[in-house]
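K.L.:
If you want the building blocks of each chain, they are given just below.
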Amino acid sequence: MADRIFAGVLLAVTMAYAAIAFTAISAPFQYDPLGPESWPRILAVVALACIAGILWKPDTEALGIARQVWFRLAATVLALIAYAELYEPLGFVVATFLYGTVMALMLGAPRLRAAGFGLAAGIIGYLVCASLLGLNLPLGELVEAAFTETETATEEEG
Amino acid sequence: MDAVLSGLATGFAVALDPFNLMLVLLGCFFGTLIGALPGIGPINGVAILLPIAYGLGFPPESALILLAGIYYGAEYGGRISSILLNVPGDAGAVMTTLDGNPMARNGEAGRALSLSAVASFAGGTFAVVLMSLFAPLLATFAVTFSPADYVALMVFAFASLASLVGKNPTKTLLGAVIGLMLATIGIDANTGVARYTFGIPDILAGIDFLIVVVGLFGMAELLTLVEQQVSGKLRTLPVDSSFVRMTDLARTKWTILRCSVIGFFIGILPGTGASVASAVAYGTEKRISDTEGTFGKGDMRGLAAPEAANNAAAGGAMVPMLTLGIPGSGTTAILLGALLMFNIQPGPMMFAQRPEIAWGLIASMYLGNVALLVINLPLVGLFARMLTIPQHYLTPLIAILAFIGIYTIVGNPFDLLLITGLGLFGWFLRKLDFSLAPVILGFVLGGLFENNLRRALSISGGDWGILVADWKSLTLYGLAVLVVVLPIWLARRNRPRPEGAPVGAGN
Chain F
1 MADRIFAGVL LAVTMAYAAI AFTAISAPFQ YDPLGPESWP RILAVVALAC
51 IAGILWKPDT EALGIARQVW FRLAATVLAL IAYAELYEPL GFVVATFLYG
101 TVMALMLGAP RLRAAGFGLA AGIIGYLVCA SLLGLNLPLG ELVEAAFTET
151 ETATEEEG
Chain H
1 MDAVLSGLAT GFAVALDPFN LMLVLLGCFF GTLIGALPGI GPINGVAILL
51 PIAYGLGFPP ESALILLAGI YYGAEYGGRI SSILLNVPGD AGAVMTTLDG
101 NPMARNGEAG RALSLSAVAS FAGGTFAVVL MSLFAPLLAT FAVTFSPADY
151 VALMVFAFAS LASLVGKNPT KTLLGAVIGL MLATIGIDAN TGVARYTFGI
201 PDILAGIDFL IVVVGLFGMA ELLTLVEQQV SGKLRTLPVD SSFVRMTDLA
251 RTKWTILRCS VIGFFIGILP GTGASVASAV AYGTEKRISD TEGTFGKGDM
301 RGLAAPEAAN NAAAGGAMVP MLTLGIPGSG TTAILLGALL MFNIQPGPMM
351 FAQRPEIAWG LIASMYLGNV ALLVINLPLV GLFARMLTIP QHYLTPLIAI
401 LAFIGIYTIV GNPFDLLLIT GLGLFGWFLR KLDFSLAPVI LGFVLGGLFE
451 NNLRRALSIS GGDWGILVAD WKSLTLYGLA VLVVVLPIWL ARRNRPRPEG
501 APVGAGN
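Keeping their order, the protein sequence lines are chains F and H. UniProt numbering applies: residue 1 is where the first sequence begins, and numbers increase by one. UniProt numbering applies: residue 1 is where the second sequence begins, and numbers increase by one.
Only chain H is shown next, with the shape it has when bound in the complex (with noise of 0.2 Å):
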């Protein structure tokens, strides 16, 4: 507990900061800004700000602070382009559409716009408050991870993703196998040998992580817009005066309870995101609370449930990326990544090697919470005016900021041919249903994974068995067979399968 307290006064001095207090705000505005454009989610807006948050040159707390403010603030701006249009941003959003969109439909736009805030807000803090309990005690318990215990970890992350994330577990393998097998470009940093490279410069170092978030999430997001082009402007439906009362919330608090709870510990799990917590924090709250047949038609605790869960889950993701360096989602995945590029390695040592790094970021978002409900309540319909930007101009908008942000990298015009070629691949590979959070995941994870097998084998001197050999490695064999396992059972038990069978893209 001692250490709990005096982490988050560290953080706070950190996150109080003027600067980075601004920074906390500002992310939050414009990841709001760019989450509430139509059809684009939360990853694709982290992917598209990425580069230029980077760019900027700040201190690697300060960086991180903003991406995550504007990762929360995405998540956030989601739910207005899923309650107002019907469009939902991401996986993640979908349900929020469900109840969402019916309420706005009644007339109840500005109540269900609130609520969802509120709903939000509370999901998320309930997230953070676990955290900073949960994570300097997992930290702890990780720092007596061995190399063997990280191979088996990788694994259950990858059977968990393979299991929960996507609708054909083959292909999110396939996909996360892709991502690996990207990660293996370049220079092998342990005995120097090039490996497909081809003889490419620009390469020899590995494909630039940055390059292959844009080209992925943001081209890929490009070339979707333009096949599903809609001339002109889309129909929105207008945000009105009503707002949240007391009552609704007084109705709505055990469901905003119970589904943070559940949101948190999906988000946990390796691999699954947002989108799975929301799905099963719906499908759970209608056999629990749908006694009248009211869900789908405008339920508030319909819309506040998939709300917290959402929230929940992404404060829930950032336990095993801090603790661990597994990334619990895609989006994180890609904060991951920013963590490496400021040369910071993160898993158990960062709580006590970098303090200041671990515990801003967890201070930063007790403060961005705060900041989104300040923000969101007052000025969502500022940010529901986002909507109206017609389609021809924001599709080449988003090439715009994907160029300037590869660009100012290094320099370098190739890099703009990579990620349209990469963006070109994305496409492909999302028209096939294939999702494509398992391959940014493959691809941040990929080093990792590699030279743990390395490490261990290297311990033991060639031995296999090495990696079977600890309670925990074997722990975690076991829980990667059920997590494969159980969904599968429990499809054969209860069919038809309820409604909250998880589906699409982690984020």
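This is chain F alone, in the form it adopts within the complex (with noise of 0.2 Å):
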């Protein structure tokens, strides 16, 4: 059951494929004789194929799980959305000491516990990233602003 449901939602996805393939993409002109529409629609033929063997002899019948890890999921899934949206509103530090404490909380961290890993995660991985390896981070806008005003403060002084 589950295989056909994931299946079906595939081939709706692979339907639009192919159909984008066969109407929709063509080069206006082209030197090659195949162009940049024929590989598309061999490899939705090719997919459809399969889908159609899955279709037809199912073999997963359930996912097995329980409602009550699919709601986990679920809070997984919007964590890492939102610290994805925060992730340069905020900047990393805080960012990440939000989403750590929340993660290790939800998986049933002690609290202090997790708020200490959030804080720990957020700092230390800043550190360590930003100004060691020299990678580039979000400083978030708040703490970008703060260093601006001060920035177009001392040269207004200037």
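Treat the hints as calculated values from the structure; they're not laboratory data. Each hint should be verified, as a subset may be incorrect.
[Unchecked claim] Listed below are several chain F residues computed to face chain H (Cβ distance under 8 Å; list not exhaustive):
no.: 1; residue: Q30
no.: 2; residue: D32
no.: 3; residue: P36
no.: 4; residue: F71
no.: 5; residue: L119
[Stated by the list, open to error] In silico negatives: residues of chain F with every beta carbon more than 12 Å from chain H:
no.: 6; residue: G118
no.: 7; residue: L142
no.: 8; residue: V143
no.: 9; residue: A146
C-beta atoms are modelled at their ideal positions from N, C-alpha and C, and glycine is treated no differently.
Put the complex together from the two separate chains, hints included.
P.N.:
Okay, structure coming up:
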């Protein structure tokens, strides 16, 4: 059953993929006999054949996941989305602190330790990656705003 | 022979550079560290560390040496959780648990760990030696390959993938096609036509390889960990002071040699990595030496066999990757993608055009093997401590590392959402018994496959007959048919299937 649902979703996506390959993609002029549209067409046909095979003979009955686990997974994905959205506005340190703490709490860490973990991950992560390794991590708009204010202030003075 | 020796000289000159030497050691160390984390296999470890290694801005040969070290180290580290926890990091380590964990439970954890380190070292070194002999030969031959031959080679690669990896060939093939389809997103290089971009500027240049890798492996792994979450610590067996003895080595030497050979040649086959190699090696060894029925109860040979094969396959998988540009396993597909990011097209010309990279990589593997043995024998206790990191800290840590890696590529927060989405997709694929290695193989090979097909047809002016015009192509198609038909025929012939039947995902 689970197989069939997933294959059904894939089927819809592949149909759309095929439709675009067969109608929308075309080059104004081209030098090679295949052009940009043939390869996606071949792939779409092979994919449809495979999906038909799975729909005809599925082998995974159910995912076997309890409702509680679904909630935990959904919460994990939501936390990740929030982390991604807050990454630049809040900056690495704050966003990581929040995400690390929330995730650790959700997965059953004791309260204080979870906060400690989040704080350590944020600060040590920033120091090691941004300062030591020279990687590019967001400072955060708030912190940046504070910095530019002092900068413009000094510029105005000078 | 001369070419090999002068190549090795070039290679060691690169690899023995103090900075590169340090990178080999660091890569091996961190690779082992992340490979030892419970449940995280080498492929996930390499995937999570790859963007960070890329972001450091090293010259290509140094970055590759670092990555190869991480790859090797992760293969090594995987056995620690197999032996002490009975939790294999990936499909390739499943066979290690069969005899490794019983040995540890019999109070011989130290002996099992040190024996497996020696077996891995032997298998790995054996593979590197064979590789430095074979790879230049294969490369010289592969220079004569035409685009049509390359198409045949790809067909062979995907045929062996579908037939040898995973439980369901249809699903494996579909996985590969999904990878190929993902690779068509972006502007077509030949005509400049945008395909499947839907006007989103972030994906005009195609979905970044790193995003696919980190999403499908790293983030999917994270979701799997959350799903299977066990609260608190896993119970690990203590590392004791027992150590491998000379008599143990004498007893296992033929096992190690046999399995190194098996592992190396299975590793060379495109698409089949350490998982198939260790399964076949264990099965073979069981048939040959298990006269007293001690396999599965803590027999040393049962531990040495998959470990030697595992590491020999890791080396063997590098051969087609370096000489043909066709990766032999999922993890080498990731390394191939890394090469492409540095604008180096792996393949026969690499030995001629960029000898410092090809040979530097090979030389660093010699050093890496020695380094791993030296790091592993005394420090195994430290790596074993990694197993006791509670899952509720480990899981968020994966996401934090993945986000750092992806954000540092171009600093685009849209990519972070993309890896989350791909992670969800990868998790579903895993739950439904698709293996992920074919997806990444398809993604990496997509451009090459399409370009060679188009080039071949341009040469022939649109005549499809060119694809079967050459004996090289025909031989490869023959091999492709053989690799699909042979396992089915063998399975029919000796039912019930032997225990060494291929299982799981390549890595």
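K.L.:
What hint numbers does the structure not satisfy?
P.N.:
Checked against the structure, the hints that fail are numbers 4, 5, 6, while the rest are satisfied.
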